[in-house]
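Participant: Below are the chains, spelled out letter by letter.
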Amino acid sequence: MSNIDWIVLFGTLISIVAYGVWKSRDTKDMDGYLRGGSDVKWWAIGLSIMATQASAITFLSTPGQAFNDGMGFIQFYFGLPIAMIIIAVFFLPIYYKLKVYTAYEYLETRFDMKTRMLAAFIFLIQRGLGAGITIYAPSIILSSLLGWDLKITNVLIGVLVIIYTVSGGTKAVTQTQKTQMAVMMGGMIIAGILVITSLPTGVGFGDALNVAGKMGKLNVVDFSFDLKNRYSFWSGMTGAVFLFLSYFGTDQSQVQRYLSGKSLSESRLGLMMNGLLKVPMQFIILFIGVMVFVYYQYNQPPVFFNDTVKEQVYSTDYADDFRGLESEYTSIFDEKLDAVNQLNAAMKTDDPQEIEQAQALVNSIQAQSDEIRNEAKAIIEEAVPGAEINDKDYIFMTFVMNVLPVGIVGLLFAVIFSAAMSSTSSELNALGGTTTIDFYKRRVKQDGDDLHYLKSSKLFTLAWGILAIIVASTLSLFENLIQAVNLIGSLFYPTVLGIFIVAFFFKSIKSNAVFIGAIMSQIAIIVIHYLNVEGIAGVFTMGFLWYNALGCILVVLFSFIIKGLRDK
Amino acid sequence: MTKSTDEVKEDKPPFFDSWSKMYWLVMAVLGVLILLFYLFTQHYS
Chain X
1 MSNIDWIVLF GTLISIVAYG VWKSRDTKDM DGYLRGGSDV KWWAIGLSIM ATQASAITFL
61 STPGQAFNDG MGFIQFYFGL PIAMIIIAVF FLPIYYKLKV YTAYEYLETR FDMKTRMLAA
121 FIFLIQRGLG AGITIYAPSI ILSSLLGWDL KITNVLIGVL VIIYTVSGGT KAVTQTQKTQ
181 MAVMMGGMII AGILVITSLP TGVGFGDALN VAGKMGKLNV VDFSFDLKNR YSFWSGMTGA
241 VFLFLSYFGT DQSQVQRYLS GKSLSESRLG LMMNGLLKVP MQFIILFIGV MVFVYYQYNQ
301 PPVFFNDTVK EQVYSTDYAD DFRGLESEYT SIFDEKLDAV NQLNAAMKTD DPQEIEQAQA
361 LVNSIQAQSD EIRNEAKAII EEAVPGAEIN DKDYIFMTFV MNVLPVGIVG LLFAVIFSAA
421 MSSTSSELNA LGGTTTIDFY KRRVKQDGDD LHYLKSSKLF TLAWGILAII VASTLSLFEN
481 LIQAVNLIGS LFYPTVLGIF IVAFFFKSIK SNAVFIGAIM SQIAIIVIHY LNVEGIAGVF
541 TMGFLWYNAL GCILVVLFSF IIKGLRDK
Chain V
569 MTKSTDEVKE DKPPFFDSWS KMYWLVMAVL GVLILLFYLF TQHYS
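As they're listed, the protein sequences go chains X and V.
Residue numbering for the first sequence follows this note's numbering, beginning at 1 and increasing consecutively.
Residue numbering for the second sequence follows this note's numbering, beginning at 569 and increasing consecutively.
Be aware that a few hints might be false.
[Stated by the list, open to error] Reference listing, derived: stretches of chain X covered by chain V, where coverage requires no fewer than 3 residues with Cβ under 8 Å from a Cβ of chain V:
id, segment
1, 74-88
2, 208-217
3, 253-265
4, 273-279
[Stated by the list, open to error] Below are the SDA-like pairs computed for lysine to any residue, each with C-alpha atoms no more than 25 Å apart in a straight line:
id, chain 1, residue 1, chain 2, residue 2
5, X, Lys445, V, Thr609
6, X, Lys99, V, Glu578
7, X, Lys392, X, Ser456
Bear in mind the hints are in silico, worked out from the structure with no lab data behind them.
Glycine is no exception: its CB is placed at the ideal position from the N, C-alpha and C atoms.
Please put together the full structure from these sequences, using the hints given.
Facilitator: As structure tokens, this is what we get:
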């Protein structure tokens with residue numbers, strides 16, 4: 001990167017941190033620290049909710065996902081507006097009525113303390129590990145791209161977040177997220193415009209769309225029903241609704257965002273804003289990935305996008321084999337370029353037969369090209385055991401570094417760092433708050449004054465921040481832990497949502513029935529995962545997304561059965 | 569946690585006279601987006 005890029009990157013990051021600390025300098029009590037003084041406007045709540053969900057991986061992985069598999073991933077977000085409405089109608093008024101700091105406080109009012117503790121404990125474990133991943137996942141990519149030591153990148157992101165989150169709490173998080181969202185969306189829109197203007201002379205936007213469409217990258221909606229299909233209209237409208245309900249309705253890192261609202265109406269509007277803007281936002285990010293794909297139909301792409309891993313392969317006995325594949329990939333690119341130009345010419349003739357022939361030729365060469373990429377990945381796997389062979393997270397930033405102009409590169413790196421910081425800050429803020437309210441204040445020290453709990457919240461937030469950095473720095477030693485933590489989320493979130501669903505909608509069910517029902521459902525989900533092909537035994541195949549609906553339904557079902565048995 | 573005996577004040581949303589209309593707007597926008605995505609898919613594939 002050039003000096004100007006470094007100045008843009010660090011100038012942006014330091015400004016955001018300084019702005020957060022300065023804007024929250026008057027935070028002197030618990031309400032200000034955990035609920036942002038309860039005076040946040042709806043648009044700031046909406047931005048805060050969106051910034052919390054948009055982690056660095058959103059901006060690194062999503063364009064790569066579109067590059068590889070097209071735009072079908074957007075269907076995952078179809079359930080989000082529905083979940084926003086359900087939360088606004090059923091969850092939010094109760095949280096407001098009880099004036100809770102955390103979602104789990106409500107469970108004690110509705111059931112008992114053990115149910116509250118169970119839900120809060122699951123949150124702390126899941127989110128505590130999650131905060132480490134939120135730092136680690138972009139760090140490993142950014143350190144590779146920037147040539148930095150992984151631990152330094154972890155510490156840099158962690159420390160920047162800790163500075164403003166510990167000092168200003170929710171207010172600092174909300175204020176910084178406004179600027180972070182501006183950087184993220186501004187940066188991505190500029191990148192989108194530049195991708196399109198980077199296409200060769202004579203290739204217009206319409207041509208780019210035609211090429212992407214004929215190569216299967218613009219298949220946005222799939223109405224076919226298949227449990228094995230991870231992203232379809234049906235999984236988006238069912239499984240994803242449950243996932244978003246549990247994430248936005250019961251995960252304190254999101255609940256804390258909308259509980260900072262000036263009023264119930266402001267919080268509701270914030271949720272509606274997210275419901276209206278999230279799908280178009282994801283569409284834009286995916287679309288940029290598709291345009292990067294089109295760019296690489298006219299410009300030679302690398303056979304593998306992660307340069308650090310490639311360098312490791314060059315120093316092994318497999319270097320010649322790998323270089324051989326690279327030459328093959330270059331030759332086939334020239335062939336494909338001719339075919340793509342033929343396809344564009346055919347599209348202008350409007351002759352269906354000619355278009356079909358040109359499309360078949362392009363896709364057949366693309367299949368050969370993909371095969372070479374797969375062979376390269378197989379070589380990497382053998383040459384560098386344990387290396388990450390999925391390079392989709394590197395595609396977008398490789399394009400940025402190689403193609404975009406000076407200054408914009410720094411801005412796009414600022415986008416990734418901002419995204420990492422915005423989601424991590426919400427997580428630390430919620431972890432500190434939940435530890436203080438649900439455990440320390442409830443079980444350890446009930447007679448402290450406001451100042452005491454304010455100081456405790458700051459200390460717990462600091463402790464979770466340090467723990468997140470330690471987890472992030474340790475993860476490199478346990479690669480599979482990322483998968484394990486993602487799995488823990490899919491396995492445990494449905495149970496927490498199930499408890500909340502029973503609490504809101506089935507008033508006849510009391511504490512012991514839901515507690516036992518939740519534990520039974522949890523065991524059932526673990527058994528189902530064991531039998532699933534994605535688990536261990538492989539008896540049947542089911543995407544993880546369906547666990548969210550199934551686990552939640554099982555909690556309700558078991559709770560009713562236990563209640564029936566107890567009534568007898 | 570402070571228990572409140574008062575009902576939470578429910579203001580009307582901007583542009584509409586009830587929240588249900590606001591929710592219908594969100595659902596309608598989602599429906600329109602899905603329709604546009606469907607047409608987009610059909611046109612370019």
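Participant: Each hint needs a verdict: does it hold in this structure or not?
Facilitator: Structure-based check of each hint:
no.	hint	verdict
1	74-88	holds (count 7)
2	208-217	holds (count 6)
3	253-265	holds (count 3)
4	273-279	holds (count 3)
5	X:Lys445 to V:Thr609	59 Å, violated
6	X:Lys99 to V:Glu578	15 Å, holds
7	X:Lys392 to X:Ser456	42 Å, violated
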